[in-house]
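Colleague: Going line by line, the protein sequences match chains W and L. Counting from 1, one number per residue, gives the positions in the first sequence under this note's numbering. Counting from 1, one number per residue, gives the positions in the second sequence under this note's numbering.
Note that these hints are calculated values from the structure, not bench results. Keep in mind that a hint or two might mislead.
[What the hints assert, rightly or not] Some chain L residues well away from chain W (every beta-carbon gap over 12 Å; in silico):
| hint | residue |
| --- | --- |
| 1 | L91 |
| 2 | L126 |
| 3 | L151 |
[To be verified] Interface residues of chain L toward chain W, partial, derived using beta-carbon atoms under 10 Å:
| hint | residue |
| --- | --- |
| 4 | F100 |
| 5 | H145 |
| 6 | I246 |
[Said to hold, decoys possible] Here are some, though not all, of the chain L residues that point toward chain W, as calculated from beta-carbon distances under 10 Å:
| hint | residue |
| --- | --- |
| 7 | P37 |
| 8 | A69 |
| 9 | W72 |
| 10 | D90 |
| 11 | R121 |
Don't be surprised by glycine CBs; every beta carbon is placed ideally from N, CA and C.
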Amino acid sequence: MEGSTAVAGRALAQLRADPRFLAISLVVPLVVIFLLSVFFDAVDTPAFNQSRYALPAAAFIIHFVTYVLTTIVLVRERVTGTLERMFISGYRPTDVVLGYLLAYTAVATVQSVVILVELNLLFDLGVGLVGLAAVFLVMWLLAVLSMALGLFISNFARNEGQVIPFIPMVMVPSIFLSGLAVSVDALPGWARALSRIVPLRYAVDALREVPSGGGLTGGPVVMLAVLILLALLLASRTLREQV
Amino acid sequence: MAAIEVASLSKAYGNVVALAEVDLEVQAGEIFGLVGPNGAGKTTLIRTLVGALQADSGNVKVLGLNPHADRWALRRRVGYMPQRPALYDDLSARRNIAFFTHRIEGTGVDEALALVELTDRADDPLHTLSGGMQQRVSLAAALAHRPELLLLDEPTAGVDPELRATFWERIRELADGGRTVVVSTHQMAEAMACDRVAILRSGRVLVCDDPRRLLGGGRATVRIWRNGRPEDHQLENYASALAPLIRTGDVERIEVEQETLEDVVLRLIKGSDGR
């Protein structure tokens, strides 16, 4: 535990020293969500239910940005040699994974709050305070999961260039398999099976429950938590000490 | 006591042989130099000793332990300075040193900063420091936990000559304080500052000896003045061949043009290529 808090402290100190990186991770989703609201307003047909798509689309944006930034930060550690130096200095793979998770969870929390405020201002979400709290929980879990996934995927890239193919590889199927665009039930059997490991699917499921007034049933939220644990386990198992 | 024992160590990256049947022994408290051109295997050897790489075959003992299997136990006792600084650019020197020695007891961040003469720049972000200063921060991060064994991979690469001299003074002080230092270099002048050197070429140890003795075994052109007249001699084994020549007669003056360690090494390397 001592090792992971040291890694977290160091990662947060770096964020303080590099406000541009912090600004990008906070401002980019806000700008994209604003564009989304402009786009939704332009799709002015009665059949299009804004509130059905606004929250899932925002979730996708959080997922995308958080995943990409985490992956890049970790690969940068590998490229500069600091990852190896950490191991040689006695830090273990779990210290690195949990340390980053701790530090970036703080960022994800701020990010989720800011985005939620923006969503509430731009869209008619039709949810009360309890509903907003539920949305926050889902967004936050998804952000944490995106980081855990980024930590895991970064272990398969030796440099920043190799990260790039992993971005569409994870993100594009997310759009099709999460129920964001079409219902998962309408997909063929193998695609439905594959959708079970798509993080965004559970976020979309949970977020659609909220505006329908049902509140969270728990299932999708539990699955998000399970996937977080799975991704963390995989991330610490695959984190190679040899660079 | 041997701090490091290496026996028939081999390591290949695919088809490229990095180390071939390397045998070495480093005594506790000595400065041991790994000398050779780029690609000779110096970095691979150091990274194997620090447990960052696993050898294909052979036996390695570092402070009596297996560097890979016992790596977590060794990390408190070994300090490693990689070839690149491998530090966090946007953090201060103090923060970097503290982070990389955090897990190890007896950490002396201030002491390490003072040792590399960076106390006054300790809190500036690293990217505002010169390359040489960053190298010194990297050294401080390798020794702040007062390790018994220091493994330094080309610590003075890109450092100006004046700084290099102080750097070597520090290394000598550390060795005098009882620490074992293994240092790689391709600078011959630096090799002369070591107690013993292993000269590496294509993953093999060509020779392992005291650099002064290596130099003594080199060639020299000697002009000896007797009765106002010069006589020229070409000596093969300079140190041993000179003694009998000057024992007889009234030697007035000796002029020696000795081969440098670099020449000796180059000759050894050429010999190894002609196999």
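Colleague: Tell me, which hint numbers fail for this structure?
Modeller: Hint check: 1, 2, 3, 6, 7, 8 and 11 fail, others pass.
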